[in-house]
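Undergrad: Reassemble the complex: the two chains are provided individually, in unrelated frames, and hints are given to aid placement.
Protein sequences appear in the order of chains A and B.
Residue numbers for the first sequence follow the numbering used here, beginning at 4 and rising by one.
Residue numbers for the second sequence follow the numbering used here, beginning at 3 and rising by one.
A portion of the hints provided could be inaccurate.
Stated by the list, open to error - Lysine to any residue pairs mimicking SDA-like chemistry, simulated, CA-CA at most 25 Å apart: (1) A:Lys438 to A:Leu522; (2) B:Lys63 to B:Ile661; (3) B:Lys636 to A:Ala309; (4) B:Lys636 to A:Pro316; (5) B:Lys537 to A:Val550; (6) A:Lys438 to B:Ile72; (7) A:Lys438 to A:Asn177; (8) B:Lys63 to B:Leu100; (9) B:Lys636 to A:Tyr591; (10) A:Lys438 to B:Arg59; (11) B:Lys325 to A:Thr551.
Said to hold, decoys possible - Have a look at the derived ranges for each label pair, beta carbon to beta carbon: (12) A:Val571 to B:Ser680: 19 to 29 Å; (13) B:Thr42 to A:Val571: 45 to 55 Å; (14) B:Pro58 to A:Ala478: 37 to 47 Å; (15) A:Leu325 to B:Lys63: 53 to 63 Å; (16) B:Lys63 to A:Val550: 35 to 45 Å; (17) A:Gln175 to B:Lys63: 25 to 35 Å; (18) A:Val550 to B:Ser182: 42 to 52 Å; (19) A:Gln175 to B:Gly196: 35 to 45 Å; (20) A:Arg597 to B:Val639: 17 to 27 Å; (21) A:Val348 to B:Ser680: 46 to 56 Å.
Said to hold, decoys possible - Computed far set for chain A versus chain B, every beta-carbon distance over 10 Å: (22) Asp116; (23) Leu197; (24) Ala220; (25) Pro265.
Rather than coming from a laboratory, the hints here were simulated on the basis of the structure.
All C-beta atoms, glycine included, are put in the ideal place defined by N, C-alpha and C.
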Amino acid sequence: MTANGILQITIFFLAVLALTKPLGVFMTRVFAGERTFLHPVLRPLERLCYKLGGVNPEVDQRWTQYAGSLLAFSVFSAVLLYALQRLQGYLPLNPMGFGTLHPPAGAVAMTPDLAFNNAVSFTTNTNWQNYPGEATLSYLVQMLGLTMHNFTSAAAGMAIAVALIRGFVRQQANGIGNFWADLVRSTVYILLPLSVLLALFFCSQGVIQNFKPYTQATTLEGKTQVIAQGPVASQEAIKMLGTNGGGFFNANSAHPFENPTPFTNFIQLLCIFAIPAGLTYVFGEMAGDTRQGWAIFAAMSVLFLAGVFVLYPAEQAGNPVLSKFGIQSAVTANQPGGNMEGKEVRFGIAASALFATVTTDASCGAVNAMHDSLTPLGGLVPLFNMQTGEVIFGGVGAGLYGMLLFAILAVFIAGLMVGRTPEYLGKKIEGKEVKMAMIALIATSAAILAFSGASTVIQFAKSSYWNPTLGPAIANLNNGGPHGFGEVLYLFTSSAANNGSAFGGINGNAPWYNLTGGLTMLVGRFLFILPLLAAAGSLAAKKRVPVTSGTLPTHGPLFVGLLVGTVVIVSALTFFPALSLGPIVEHYLMQSGRLF
Amino acid sequence: MPQATLEPKAPAPRPPAKADGELTDLLPKRLAHARPLFDTGILKRATKDSFVKLNPRALLKNPVIFVVEIGAILTTLALGRDLATGAGNIGFTLQISLWLWFTVLFANFAEAMAEARGKAQADSLRKTKTDSIAKKVVGAKIEPVAASRLRSGDVVICDTGDTIPGDGEVIDGIATVDESVITGESAPVIRESGGDRSAVTGGTKVLSDQIRIRITSNPGETFLDRMIALVEGAERQKTPNEIALNILIAGLTLIFLMAVITLQPFAQYSVNSAGAGSVPSVVVLVSLLVCLIPTTIGGLLSAIGIAGMDRVMQHNVLAMSGKAVEASGDVNTLLLDKTGTITIGNRQAVEFLTVNGVGAAELADAAQLSSLADETPEGRSVVVLAKEKYGLRGREVASHEAVFIPFSAYTRMSGVDIDGRRLRKGATSAIANFIREQGGEVPQDLLDISERISRQGGTPLAVADGRRGLGVINLKDVVKGGMKERLGQLRAMGIRTVMITGDNPLTAAAIAAEAGVDDFLAQASPADKLNYIKKEQASGRLVAMTGDGTNDAPALAQADVGLAMNTGTMAAKEAGNMVDLDSNPTKLIEVVAIGKQLLITRGALTTFSIANDVAKYFAIIPAMFMATYPVLGKLNVMGLHTPQSAVLSAVIFNALIIIALVPLALRGVKYRPESAASLLRRNLLVYGLGGILVPFPGIWAIDQLVHLLRLA
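This is chain B alone, in the form it adopts within the complex (with noise of 0.2 Å):
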């Protein structure tokens, strides 16, 4: 029996909810804990990078700067033949040199910068997973094994104090841990043999109790392990997106390589029809190349990958594969777990309706009481409805005679007996029994009331003093702040919402119709769900879910996006394809807003560099052949100064345009949740047009300091 003052509480806080950031922004702007994008120590590893990266063999696996690696070899040996003949312009070919060197460093930069921060995350990881020492139980004794030679099927101790050594499923005991360690959370969780709670990850500590433990994982395959490679992107593979790209920046490079070929025999032919100038030199043809063949985004394109995966682990989420991320962003149909997702999880009392004859204060003072000692959420609900809403506060019961009554599933309804009165609250139908033992007549509008609340989604709790009937109480499930706004938000992308309930189909469509989902299943079995994700992916959609019990696992399998709770079971961390650390299931909606934000960057970047080429031409074509042909001087339209300047400056711009977007590659394009169409219009005008007219002012700005510090 509570004994002391029933102050009325608020209900408990759901597991701590920072990565929703605002509901109304898909993609908050930055997370507490994620790393500055330019931290010394990221800088210093990614520049020594970018030189061991020169490696040609590690380049071949980038077509267009393993081409730009070849034109500076070239560029280099023209040098020093200049050098050894004294012939030519060294200055020139000097600067050229260095500059498509620099083109590949940067390009090699950008990718080690994303890298270095996948790297830096995975040593602060690895410092982690010291080798501790298991109690093995073996028979009925206990051995101290190595953590690193348990096998799976090995079953051991923890107690207070230890660290898990290793994945595994709790068999038998309760205990808080602490998953800091992976989680980046400090409150601690509890893991229960039995159901969904009873996984344990390597490299966690037991901060009370004691467990017993069957690993289920063999060494250098655990959980952490696996994390550890992927963040480092030991195991990255390129995603089919990327290879696509690939395929198209490689060709554009082959043709732009036929074009600047064949211009050599053209110039021949014309320095010859007119008698004047010169064939361009090697130096003139590669820089050329180098300015057309599409090096921002083949410098780039990895960097953008591995900081899309990078941008989801600051979001707390452990995505598989690149290619998760990726179809996250196609994904058309989102399966949304009601409570937790959608709702805030527990039903809450939102009205008290009296019958005809009953005062409201009189119902709530009943209901307040009745509940004071109800410690379930709904109960602490009504509690915190009566004072909102009628003033009333927690009264100290204990100096009166009051007697608790709490639920049983039998009787179906709780409350108290105090200074005489017997006030009970419970399901209509119970309290109509109750009524009626007590030898009074259940009120009409009393069942009225009832069924209303039933048919509008709500569930109602009857309340009774005695004989008397006084009302109904009505708990609803709460749409989460911000939910119908975020939902409607994917609508517009083009995304469909379908929420996942046990409830009934009544209750299920009006929660649906309240929080703007686009369907609903209701009475949703496992198999429902594996079903209705077969019959969706069958019609050409994606769809993405979340889970995290056992048998959740099939579906989390089968669904193109599988986001698996952190707390949830080993099964359904195996299948799905991302692992939420937070176990916060709303991160679904980011995690589509990043795969989103990952394809346009790669869109925008590789528009911006092939529009970028038009300004290059003005810039290089009439360079070459001016000396041939004075009058192509006219499609000199930016006044470059000479020949000379007019090729560097194209080839500087070239080379810092790269370095200039690196922070753009890592961080992603700014990316709003609209329609296709409009995001279209605004990209194609801001990096297609954009990336036809920056350049001019660019080169033009950079020939004019070219030609101040008389450069070329």
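Just chain A, same shape as in the assembly (with noise of 0.2 Å):
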């Protein structure tokens, strides 16, 4: 590690520091439905769309009426995103002709499989892309149906972590709020003033903006290169922003256009910390103490700090099977050392390390390296970032639902050891609500297992449906050994966690891994909600008990240690005799100097 690098990493954290409290302070108000100094601007959009959806945001709704409209509201979102990929040949928007008679060379067939996989990414927000967007999508289907999703995917999140809170908050309640008061708020007033802010920003930093046709350019050695086109700022705000983390193009963040500078990666970084950081304090000032936000934001700062500081010094330290062969790996004045595979020179190792911390951490997966070509350690870390169900600040709103759950777990174990029935935020915590933390959990945890055990060895015939080029699932994998293992595991893991991001080195284009990694991220998003409004709808009919010096204080260093164990721990044991055949042994194997 570099002192430089250790600072741009302190920087960037006291940078989500700074912005918690204020953020949280105004996602407050607009959660409560409170005047802010955006709504002369906007509330008449905010009016606009209730009237065009024909809701009334004044009524309260039951907790299934609230996973009802949420349901609703995703299939018709997820319908739509198809709908506008498989026919965007006839759609306008499209200068390059994507699914038309006449594609350019080396376009992606949108094929059902494919089209499906793609809708319901989005709609989970885990933006998993098995296809490479400039060589596949129309510009029309970018905007209007992924940067749609990207809105309200992101504030559907939201929507689902303040209905939560709700559950803790209210007493003897029936409903948890109004899902689409909920979801145009979050939209309205927090994700579009900051994406046309953030846009102009990218914008200013050289990201493009265009609806042109694909430039055709003469490189140096005379060859031809087409430079893809496209209104990409629009839609890279908010990427980052929604922890979404669809790129434009197949490059992700790594590609100048997307992300030009060592500036706009660090904003970029921001971004995606931002919302989920600020939502701990709307946690805290909901429930009426503050603390309460703070210790969870703690704990996940905890989690976040120890990630970063395994993937950074192991991609500084480099791969010694290099320096074998006389590759210095060493930083010097002229070149960063250590592992820069797959890296862009221009952010360098600990740019990238950090963001392949933070983009897993929230279930955002832009990525700006590739983290297929992370050492083993380092493929580990953002691999159980993930696994941990993606509550390390997480995605916007996702990361809080998913910490509160664990919340849930830590209060209900421990809590058990000060002789009460263990209560968070007053609430007793029973039968119904651990009930409903665990089908989340076996639910995603079953999904990942399930999918990359059967991904391992299922056995197909070549020109079957399954996998028609390649055969066996495994014959898509690009390496060999441990380090295969891990791309099938990967994709499950980011495809259940929502995360969207990449290992790479898996042709995951086959009806085989469009369907299962599809049926994964619905699982991964779905049941996982659903039995956490479950808990909301319990949590709210109850009484608030008073605090006492009795009561397990859950705000505290002992509660945020107790929170981390348990995250920790339990994904953990879930995962650790997959990871063992995985980077762990891997990295053994590198030590040893064997390399996949």
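TA: What follows is the structure, encoded as structure tokens:
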């Protein structure tokens, strides 16, 4: 590690810390439906949304109605995206002719299974992409399909988080809020204004925003190169802010048109954590005790810093096998040293390591370096981050409600040790809540393990429907051994965690992976959210037990440690066998001189 | 008129306070009449029951141990296959199978141990349930009827030496009754018609006199029947918290089941790609699964619950359900009756205050003389104070011309006419009238002192010698020794204490301050109590209270924990969810502590159980894949000898830890009254961190032994 690198990470963390309270205070007002400084401008837009949708934002919905609204909205928007993708050839804003009878050379066909995978992917805030964007989708689909989902899937996540907080805060209540109001307010007052600002900022830094056809250029060697164009800046802003991560281009934030400078890189990082961090403050503020929010923030921070300070040194240490061939891996004035494979020179090791950590802590999934090229330990960190269920700041909303699930478990297990029925924020944690938390936990880990397991052994005949070109599912891997196993595990982990970052090294555009991956994303999103909404409903109906010295304190360092321990132990116990056959053994093999 | 020498007596002792224990220690270590934890009879019975419980249908309610049993069946089948084909490592498979069966048996044993203790107690109760012949009143006649045929509403007569044939209410007469069958207390109690001491229990024995009883229960529904069912655990239902915990550990079991099942294809892939080693056998996979699933808490969970009920029972409290015991751990507010709980029951003389010009000795002398024949506890305490403070001993009064004036509600004073002196003590206004009647003048400071005592919560008792006012005796409610510390501990635990008293607010406030309760309810009527409970519950608090009278019944029923006194009426006992057989209201505090201990034990063993898994992974994962990836040997941090010995050691450790923790599960973990934060800190350290660390040396040591004995 270098002093410069540590400084970059420190400055980043301090910036997140500084944003947490102001953003949190603002968002609390928005969720409560109170007036903010943006109301004079945006209130008409909010009203218009309700009018167009024919909904009454004042109706307090029971958890079942809330969940019903969420599901209806998700199904509708997923079908919309599916249709847009399949019909793009007939629609405007398609200068390259994708989906028409004359697609450009090298274009990827939008098959039904790929369209399903992608529709699910963007609806669930996963944004896993089994296709290169610049070679598959028209500008219309990118803007109306993907960017729209980038807003709404993020807003839906925030809505769920707020509904869960209401469950803790309300007393003997039937309802947990109004989904439509939460969705619209999150979009109109939080995501939209920030995205406009960010898009303008990105443009100023060199991110492109146009509707031009792709440029043909002649390189210095005299070869022809196609340079993709498009309305990138507008999508880039919400891609980061909504922890979506679906790139306009295949190279995602490593592409100079998406993320041109170290400055944009820093701002993109900050965008990923800003809203999830702010939501911890919202939690504290709504609970009437900001210390509760800071405790969650602290637990997230501990896990974040632990991750980045494993990943960064691992990358900086580089690959011992290469060192044997006399390749310098030490830092010098002229080179960054360490493992630069798959990293952009303009970002260097620290900013790439930080990005890899942050994007998998939060369920963003944007990448500015190739995760497949990380050292084994470096690759272990993103994988484990996602396996915690994306609770380290996590996706917008998703991170908070995921962490609250662990808080429920931590309080339930350890809370008994103070001699009372466990309580969190004065709400008794009983059978119903434990059951719902366990269902969410079981569903996501089951999807990861079962589909990874199936993919490692399942055999298809060549030219079968499931994997027509390659046959067996593992034939789609570019690497063998534990690294190849890591690629499969990463695919399903990223899908279940609704992260969307790719380890790479796996050709996922085949019906088997498109369908199982899509299914995993659905499980990871909805079988996680629905039980939590049920828990929210049950919590809202309870009385709040007053705090006494006999109450388990959930705001101090002790609780932070307990929460961190629960997250790490529960996740590690579930995935240790799989990880030990993937990155862990790969690490030891690399040390003994074997690479994959 | 008393004839004999009147030696000042100590105030009569309260009903036996044996369960009070040390007041500073919330949970006395061991009660005199408690059963030893491991008694041979119980051990034998439990061992037998452990095998009976192997029946898979019975085990189905315990999902974790059920999975272990399925695993044991699988490995046994694998053993059969190996024996038939001669392939495989027969010795290893045999040992794993045996230890898996032991794991199931140990878990069964824990539960059986807890149950056997109750069953033994039920047996001894059942012995007392001989079918006696009752004397049933039919019209004007008395007919002999078998006690078991009596129905609610029948009237019977019991004479000296008769066993009371069923639960009922005394409708006529007064008798001393031996209730030792129920309470274990040999001192007889008085039962009389009317009032709050009219309830009698079937199976108890009349020691003197005759009473007429109206039976209030039908056959099979008597208190004794219920008691037997309760201690036997026949009606045992899982408590809410137990159900929630069961969901948690069943969920974890499911997660581990998936982790282990999917390990098979992962291993297949790894073996194929490395071209070395082999996929772990079913025996090894089952071993890993059993080690990971929370068998420790799974095996001990129901034992902890039963033992909690049993501990309450050992305190001579009969809990009607496990839910009540659990709820007592959650209590936020304790309603404590002043008399008998916070104070020692009667007012006591604590000082003599003289008016100007009167010597202290003179007042003490007059006070003592006037109280010699006063048999009330207050009167006796005056005599005791005079003796202790002024060295005045009891005196022969028979030789003197002494006429004792008893207290009457009309005069509101008592006293003695002796040697021409007219000594009186009583309410200040009554004594003032007396002085005036005698032609004297009431000293102003007599009134002032009285006023001051009243304000401080005491009761002033003025003393006069004829026309002279001498001074005032200060009668005070005396707070029980150690009560203040005990209430302080409750506060540390986050429990609010509320004193219930019939006193006026002024007096109540003074005693409340002295005892250190958080709040008080003065001049409390039963309706006030009920409203107070409802108010507390509305703000989310759980309330516990004690009561004995019929008019306490609504409040007892409303409270989350209602501890009825056994001496109380049947209505009160029916309304509460616990009955204290010793009728000691202070017991409520112990019940709360037991409830907390129960919950802590569950949490501690769950945490311990889950934390244990870390070490087991480090034992088994490298053992499974060392042949495929020799570099994974680096994870073998314990340096276990061979893959087989590693797996076997982990399985043995997993089984032994259950049996090792049985005493802890039955006794409950150590509980100290302190704040939640410090409780959590210590328990996390002991059971969380300890749970992570302990298995490392444990498994290592077993591996050494396994290696030494060449078992694997």
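Undergrad: Does each hint hold? Answer for all of them.
TA: Tested hints:
no.	hint	result
1	A:Lys438 to A:Leu522	holds, 23 Å
2	B:Lys63 to B:Ile661	holds, 20 Å
3	B:Lys636 to A:Ala309	holds, 22 Å
4	B:Lys636 to A:Pro316	holds, 21 Å
5	B:Lys537 to A:Val550	holds, 17 Å
6	A:Lys438 to B:Ile72	holds, 24 Å
7	A:Lys438 to A:Asn177	holds, 20 Å
8	B:Lys63 to B:Leu100	holds, 23 Å
9	B:Lys636 to A:Tyr591	holds, 8 Å
10	A:Lys438 to B:Arg59	holds, 24 Å
11	B:Lys325 to A:Thr551	holds, 22 Å
12	A:Val571 to B:Ser680: 19 to 29 Å	holds, 24 Å
13	B:Thr42 to A:Val571: 45 to 55 Å	holds, 46 Å
14	B:Pro58 to A:Ala478: 37 to 47 Å	holds, 44 Å
15	A:Leu325 to B:Lys63: 53 to 63 Å	holds, 59 Å
16	B:Lys63 to A:Val550: 35 to 45 Å	holds, 36 Å
17	A:Gln175 to B:Lys63: 25 to 35 Å	holds, 33 Å
18	A:Val550 to B:Ser182: 42 to 52 Å	holds, 45 Å
19	A:Gln175 to B:Gly196: 35 to 45 Å	holds, 44 Å
20	A:Arg597 to B:Val639: 17 to 27 Å	holds, 22 Å
21	A:Val348 to B:Ser680: 46 to 56 Å	holds, 54 Å
22	Asp116	holds, 23 Å
23	Leu197	holds, 38 Å
24	Ala220	holds, 42 Å
25	Pro265	holds, 38 Å
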